[in-house]
Amino acid sequence: MNTIYKIVKSEKLNIDTFLLTVESEKIAKKSRPGQIVHIKCGNGTEAYLRRPISICSVDREKGTFDLAIQIRGKGTKILSCLKAGDDIDVMGPLGQGFSLYPRHKKIIAVGGGIGIFPLLQLLKDHPAQNKKAILGFRTRSLIILENEFRQSCNELLIATDDGSYGEKGFVTELLKKEVEKELPDMVFICGPTVMMKAGVELLKKHNIPCEVSMEQRMGCGIGACLVCVCKIKKDDDWNYTQICKSGPVFSGDEVIFD
Amino acid sequence: MNTIYKIVKSEKLNIDTFLLTVESEKIAKKSRPGQIVHIKCGNGTEAYLRRPISICSVDREKGTFDLAIQIRGKGTKILSCLKAGDDIDVMGPLGQGFSLYPRHKKIIAVGGGIGIFPLLQLLKDHPAQNKKAILGFRTRSLIILENEFRQSCNELLIATDDGSYGEKGFVTELLKKEVEKELPDMVFICGPTVMMKAGVELLKKHNIPCEVSMEQRMGCGIGACLVCVCKIKKDDDWNYTQICKSGPVFSGDEVIFD
Amino acid sequence: MNNINLEINIAGIKLKNPVIAASGCFGFGREYSRYFDLNRLGGIAVKGLTKLARKGNPPPRIAETPSGILNSVGLQNPGVKTFIEKEIPFLRSYGIAIIANASGNTIEDYEYMVEILSSADVDGIELNLSCPNVKEGCMSFGSTSNGVFEVVSRVKKKAGKPLIVKLTPNVTDITEIARAAETAGADSVSLINTLLGMAIDAKTKRPILGNVTGGLSGPAVKPIALRMVYQVSKAVKIPIIGMGGISNGTDAVEFLLAGASAVMLGTAGFVNPMAWVETIEGLEKYMIENNVKSVTELIGGLIA
Amino acid sequence: MNNINLEINIAGIKLKNPVIAASGCFGFGREYSRYFDLNRLGGIAVKGLTKLARKGNPPPRIAETPSGILNSVGLQNPGVKTFIEKEIPFLRSYGIAIIANASGNTIEDYEYMVEILSSADVDGIELNLSCPNVKEGCMSFGSTSNGVFEVVSRVKKKAGKPLIVKLTPNVTDITEIARAAETAGADSVSLINTLLGMAIDAKTKRPILGNVTGGLSGPAVKPIALRMVYQVSKAVKIPIIGMGGISNGTDAVEFLLAGASAVMLGTAGFVNPMAWVETIEGLEKYMIENNVKSVTELIGGLIA
Ligand SMILES: Cc1cc2nc3c(=O)[nH]c(=O)nc-3n(C[C@H](O)[C@H](O)[C@H](O)COP(=O)(O)OP(=O)(O)OC[C@H]3O[C@@H](n4cnc5c(N)ncnc54)[C@H](O)[C@@H]3O)c2cc1C
Ligand SMILES: Cc1cc2nc3c(=O)[nH]c(=O)nc-3n(C[C@H](O)[C@H](O)[C@H](O)COP(=O)(O)OP(=O)(O)OC[C@H]3O[C@@H](n4cnc5c(N)ncnc54)[C@H](O)[C@@H]3O)c2cc1C
Ligand SMILES: Cc1cc2nc3c(=O)[nH]c(=O)nc-3n(C[C@H](O)[C@H](O)[C@H](O)COP(=O)(O)O)c2cc1C
Ligand SMILES: Cc1cc2nc3c(=O)[nH]c(=O)nc-3n(C[C@H](O)[C@H](O)[C@H](O)COP(=O)(O)O)c2cc1C
Ligand code: FES
Ligand code: FES
Numbered sequence: 001m002n003t004i005y006k007i008v009k010s011e012k013l014n015i016d017t018f019l020l021t022v023e024s025e026k027i028a029k030k031s032r033p034g035q036i037v038h039i040k041c042g043n044g045t046e047a048y049l050r051r052p053i054s055i056c057s058v059d060r061e062k063g064t065f066d067l068a069i070q071i072r073g074k075g076t077k078i079l080s081c082l083k084a085g086d087d088i089d090v091m092g093p094l095g096q097g098f099s100l101y102p103r104h105k106k107i108i109a110v111g112g113g114i115g116i117f118p119l120l121q122l123l124k125d126h127p128a129q130n131k132k133a134i135l136g137f138r139t140r141s142l143i144i145l146e147n148e149f150r151q152s153c154n155e156l157l158i159a160t161d162d163g164s165y166g167e168k169g170f171v172t173e174l175l176k177k178e179v180e181k182e183l184p185d186m187v188f189i190c191g192p193t194v195m196m197k198a199g200v201e202l203l204k205k206h207n208i209p210c211e212v213s214m215e216q217r218m219g220c221g222i223g224a225c226l227v228c229v230c231k232i233k234k235d236d237d238w239n240y241t242q243i244c245k246s247g248p249v250f251s252g253d254e255v256i257f258d
Numbered sequence: 001m002n003t004i005y006k007i008v009k010s011e012k013l014n015i016d017t018f019l020l021t022v023e024s025e026k027i028a029k030k031s032r033p034g035q036i037v038h039i040k041c042g043n044g045t046e047a048y049l050r051r052p053i054s055i056c057s058v059d060r061e062k063g064t065f066d067l068a069i070q071i072r073g074k075g076t077k078i079l080s081c082l083k084a085g086d087d088i089d090v091m092g093p094l095g096q097g098f099s100l101y102p103r104h105k106k107i108i109a110v111g112g113g114i115g116i117f118p119l120l121q122l123l124k125d126h127p128a129q130n131k132k133a134i135l136g137f138r139t140r141s142l143i144i145l146e147n148e149f150r151q152s153c154n155e156l157l158i159a160t161d162d163g164s165y166g167e168k169g170f171v172t173e174l175l176k177k178e179v180e181k182e183l184p185d186m187v188f189i190c191g192p193t194v195m196m197k198a199g200v201e202l203l204k205k206h207n208i209p210c211e212v213s214m215e216q217r218m219g220c221g222i223g224a225c226l227v228c229v230c231k232i233k234k235d236d237d238w239n240y241t242q243i244c245k246s247g248p249v250f251s252g253d254e255v256i257f258d
Numbered sequence: 001m002n003n004i005n006l007e008i009n010i011a012g013i014k015l016k017n018p019v020i021a022a023s024g025c026f027g028f029g030r031e032y033s034r035y036f037d038l039n040r041l042g043g044i045a046v047k048g049l050t051k052l053a054r055k056g057n058p059p060p061r062i063a064e065t066p067s068g069i070l071n072s073v074g075l076q077n078p079g080v081k082t083f084i085e086k087e088i089p090f091l092r093s094y095g096i097a098i099i100a101n102a103s104g105n106t107i108e109d110y111e112y113m114v115e116i117l118s119s120a121d122v123d124g125i126e127l128n129l130s131c132p133n134v135k136e137g138c139m140s141f142g143s144t145s146n147g148v149f150e151v152v153s154r155v156k157k158k159a160g161k162p163l164i165v166k167l168t169p170n171v172t173d174i175t176e177i178a179r180a181a182e183t184a185g186a187d188s189v190s191l192i193n194t195l196l197g198m199a200i201d202a203k204t205k206r207p208i209l210g211n212v213t214g215g216l217s218g219p220a221v222k223p224i225a226l227r228m229v230y231q232v233s234k235a236v237k238i239p240i241i242g243m244g245g246i247s248n249g250t251d252a253v254e255f256l257l258a259g260a261s262a263v264m265l266g267t268a269g270f271v272n273p274m275a276w277v278e279t280i281e282g283l284e285k286y287m288i289e290n291n292v293k294s295v296t297e298l299i300g301g302l303i304a
Numbered sequence: 001m002n003n004i005n006l007e008i009n010i011a012g013i014k015l016k017n018p019v020i021a022a023s024g025c026f027g028f029g030r031e032y033s034r035y036f037d038l039n040r041l042g043g044i045a046v047k048g049l050t051k052l053a054r055k056g057n058p059p060p061r062i063a064e065t066p067s068g069i070l071n072s073v074g075l076q077n078p079g080v081k082t083f084i085e086k087e088i089p090f091l092r093s094y095g096i097a098i099i100a101n102a103s104g105n106t107i108e109d110y111e112y113m114v115e116i117l118s119s120a121d122v123d124g125i126e127l128n129l130s131c132p133n134v135k136e137g138c139m140s141f142g143s144t145s146n147g148v149f150e151v152v153s154r155v156k157k158k159a160g161k162p163l164i165v166k167l168t169p170n171v172t173d174i175t176e177i178a179r180a181a182e183t184a185g186a187d188s189v190s191l192i193n194t195l196l197g198m199a200i201d202a203k204t205k206r207p208i209l210g211n212v213t214g215g216l217s218g219p220a221v222k223p224i225a226l227r228m229v230y231q232v233s234k235a236v237k238i239p240i241i242g243m244g245g246i247s248n249g250t251d252a253v254e255f256l257l258a259g260a261s262a263v264m265l266g267t268a269g270f271v272n273p274m275a276w277v278e279t280i281e282g283l284e285k286y287m288i289e290n291n292v293k294s295v296t297e298l299i300g301g302l303i304a
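Chains as they are written, first to last, in this note's numbering: chain A, 1 to 258; chain B, 1 to 258; chain C, 1 to 304; chain D, 1 to 304.
Worth flagging that the hints you see were computed from the coordinates, not collected in a lab.
Since the model is a prediction, treat every value here as computed from it, not as a measurement.
Some hints could be false.
Said to hold, decoys possible - Lysine to any residue pairs mimicking SDA-like chemistry, simulated, CA-CA at most 20 Å apart:
| # | chain 1 | residue 1 | chain 2 | residue 2 |
| --- | --- | --- | --- | --- |
| 1 | A | K197 | A | E173 |
| 2 | B | K181 | B | V200 |
| 3 | C | K285 | D | K205 |
| 4 | A | K30 | A | D59 |
| 5 | D | K203 | B | Q216 |
| 6 | A | K74 | C | T204 |
| 7 | C | K86 | C | D123 |
| 8 | B | K197 | B | G169 |
| 9 | C | K285 | B | G73 |
| 10 | D | K86 | B | G223 |
| 11 | B | K74 | A | G42 |
Sequences are here, hints too, so could you generate the full structure?
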């Protein structure tokens, strides 16, 4: 199975985040919003394991897909040095994406930090008429992909922790206000665990369904090694379930956040 | 202590050997023929240890030195990918070089395989009037640095294992013929252990002094870890002596070849 | 292919080539079956099984370390009965050896496992006396020769299939443990399981793994594994399955030369899902280039 | 520097910072003194010494492995008397702690070593009960708690200097060994020495090392070393010197958090001769960034 593709473009988005455009008919065509890829960083053992990255957006015509990547450590650093024309070793698309139901007419996508990335293609692909996005950033200078998001939804709200742009505060506070204004049919939340947990609890009160995208350190990326688990309810009990295979997207009410 | 230098040029010499020109006033000025450098291959742990490489030649005016490197494994492969402008991490010059005595009027330098490299600067620097070089290669297509050697000595003899160029046979056979024609004052031998051993034995019979350049896997490269040893005679006994510090050049009669 | 013979028989388990997927790194084969034809493999050691289903340890369960990984899965599995019902039929659709990896908290658990697996359609049973990620049983039996002797001699009486005993490297003298397994009736030993290790995040001042410690595997451990295979091959007569950091054909050859009759690969597959297949191809290439007709010629062929 | 305090006292040995050059990787300091000012270091553990000079093992004595190395030097050294005469005066010209690393074939050898070193001008004695590269003594004492107890309690009677016992990781339960050392009177333990390993050249079908097996060190072993330091810190009260794969300040912090009071670096210096200095600088940087006033605050600070 071939996993080697060509990089079309690498572009800096902000101080520590870059956008990588990769050529792959297969991944562009097959992937659903919310799915991930699993990437080898460099040829050697320097960053030994692959890194899981969400597909940020796809161009199905051109047969390319975009990854928005934040430099955190060794592996993402290696990826940030790649240039157009370089090879990249990508397994994917992997896992289960978001649910795109036509019955959901009004949706809200809520993202914080690196959690905003998978929401872009979700907003592009979702059949709803009314699509709202609430994105959180630490501060104004870190805001990225603003235009792309604006073009993919009906309304874009931005929150910054320090109030340097948009609303000051957490995205969950904005979500609360929006929900209290008008109930959406479905909400998608992606970001730090505390944020997703707060969002899920809020929506539960209003009986609104939601989906979250979970994060965990990964090994194989395809469900075989059982390292990337989170607690998922099963009957009266729960199981540790593979995020790479059964996720990263789960229904908000099936996840147990510890 | 700074060990980072700039690469000026990388040039392919034959199918698996390349010449790397590195800018370093210090190494160009301080090094003596036969000394080595200890090189980090890449930034990571892929090739974890440094690699010892002989200084092939120096340009004291320009402040550069040349390394001729054969691709053998991971480390030399990484080095072969470096280009002009890249950084390289080099410790050196290290160890003891060849003895350049004015009283040696007629010298012969004998090299085989990667053993020919340190002989180039030796021939350039040696004060003798009569300098002969005998170099051995497997076959014609692998012959490298022929012009450089020709310009650095009075006579250049080449032997190939298959007779495709020059004399057919081993360099030690050519050495035997030359020595039997006219006794040199000093001989320098560098190559596989069997070759150096045969050379030393031959010269002993004729009572001609010689120096050899020993090879061994290295750690620190500066004499501290005691891993790169060979047997060196000491009084009636012998010691395991660090090649990186007391060598790589030793007097032929002090080495015990097992 | 060029008349070379990769077949090997490990204590009655026939393998068409000596490359086996290591337990815990390959699930029950379903996932990787989408990446390559499982028929290419010599065999599969399935995820570690226990009497009842186990939830396993809290995440994070993996940490990256220099040229290796730590894992602390803790034997999450659906229980041996579910395996027999749901997974064996799938695996049997391929022409490869099925090795059931079995763990327990007590000797009685191990007896139960061997008994039930002996009447199931598997080719061999790998007794896991070496998992470092569970509190009871397992490595605590596997770290003393008495423990190993007792478990193995007890279960041997129930065993209707070839019995492979999987050894832990976390011991002072692995040859002593291997001999105890052999004396007690093991048909083969496999080694090494993971080395107990730990990773810390200096920023948060916390262990990276939810379980604090985990088992080290991958290329980092290869020198230790190779040494242990070599030592054990001098100490016992039963065949050895070698593993620990194998990533390619050359690595596999090294283990065979050290005395292994077959090899397992686990961690390498996380990085390269084709690692198992490429290892087989690399081994073939080595044999052709070095004029080795049968893989059996390589076993213990080290010149030392 | 910013009012941070790197000083630490290990069982009476005063170190101006907790970074010490590991034995066998730093000779007697002369070579590296040309690369940096030895005064930067907390201390130096000198090359392993024995009663009489030792030639060591046949080369090759080093093999590169994934993120690590194997060495099989085998305690080549000029003998303890030459060390005392020729090397101490040089080392004393620096303001750093001198730790004499001592080995022997017999208990009497160890007694002799400790006696003679106690009257020499060193700051501490590191008893090497863990060298895997010599046939007699050393690791054979170090791999059982009885062996360790016997040697340490015998030499303790002769010891006029702080006694650090260096432990081998090639054991089933390092806490048992550490406790034996503590009970017998050790003032400190240092760990880990190298893990026994092996490398094979598939092309030549031969071991790479002249001595067949060797000791594994470098980043590859870090997770194992860290785990052992953590375990031992829960088991004994005497201070621990941690080592095994440390290459930078972050690594050093991890060992301190796991329970070490000081650290040693060896192998990393082969790759980067400034590794010791950069580790000290990295530690300082971490302390400043994390508002740690004294290095003692980090010791055992793991939140687990
Ligand atoms: C489902 C999923 C989707 C993700 N999508 C994106 C994305 O679109 N853009 C983006 O920038 N990042 C994303 N991440 C996070 C990204 O995987 C980590 O930032 C990255 O693995 C860190 O690697 P490193 O080499 O830079 O860091 P290092 O600290 O050097 O990594 C060491 C090890 O820890 C793992 N690790 C460290 N942090 C994380 C983390 N937060 N999640 C999972 N593994 C981690 C690494 O994979 C590696 O195995 C996603 C993670 C998951 C699980
Ligand atoms: C004093 C001295 C001078 C040398 N001069 C030259 C030179 O001018 N040009 C040149 O091409 N080569 C020279 N060599 C050989 C060169 O060091 C090796 O070919 C090189 O280290 C191989 O590294 P690798 O990563 O390609 O091979 P790998 O096989 O990946 O290396 C693995 C490990 O083994 C060591 N190693 C493998 N082969 C040798 C060897 N023959 N000698 C020492 N260590 C070895 C490596 O340094 C490394 O630590 C010299 C060696 C010595 C000791
Ligand atoms: C994620 C993971 C899970 C594992 N689970 C098991 C297991 O259930 N049973 C077992 O005997 N070994 C288990 N192992 C150990 C491997 O089978 C193997 O012994 C070890 O990883 C060394 O081989 P490697 O370096 O090729 O991975 C596991 C290893 C990993 C990495
Ligand atoms: C080449 C070499 C020689 C060594 N010699 C000794 C020695 O003489 N005495 C000793 O106690 N440890 C010796 N060691 C072990 C180191 O002191 C240290 O315990 C080990 O290498 C782990 O640390 P590191 O990974 O930082 O190198 C030696 C290690 C190496 C690599
Ligand atoms: S990473 Fe292996 S199961 Fe998810
Ligand atoms: S390489 Fe360390 S002494 Fe020569």
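Going down the list of hints, with the structure as the test:
1. A:K197 <-> A:E173: 13 Å, holds
2. B:K181 <-> B:V200: 18 Å, holds
3. C:K285 <-> D:K205: Holds, at roughly 16 Å.
4. A:K30 <-> A:D59: 11 Å, holds
5. D:K203 <-> B:Q216: 18 Å, holds
6. A:K74 <-> C:T204: 18 Å, holds
7. C:K86 <-> C:D123: 17 Å, holds
8. B:K197 <-> B:G169: Within the cut-off at roughly 17 Å; holds.
9. C:K285 <-> B:G73: This hinted pair holds, its Cα atoms lying about 18 Å apart.
10. D:K86 <-> B:G223: 17 Å, holds
11. B:K74 <-> A:G42: 15 Å, holds
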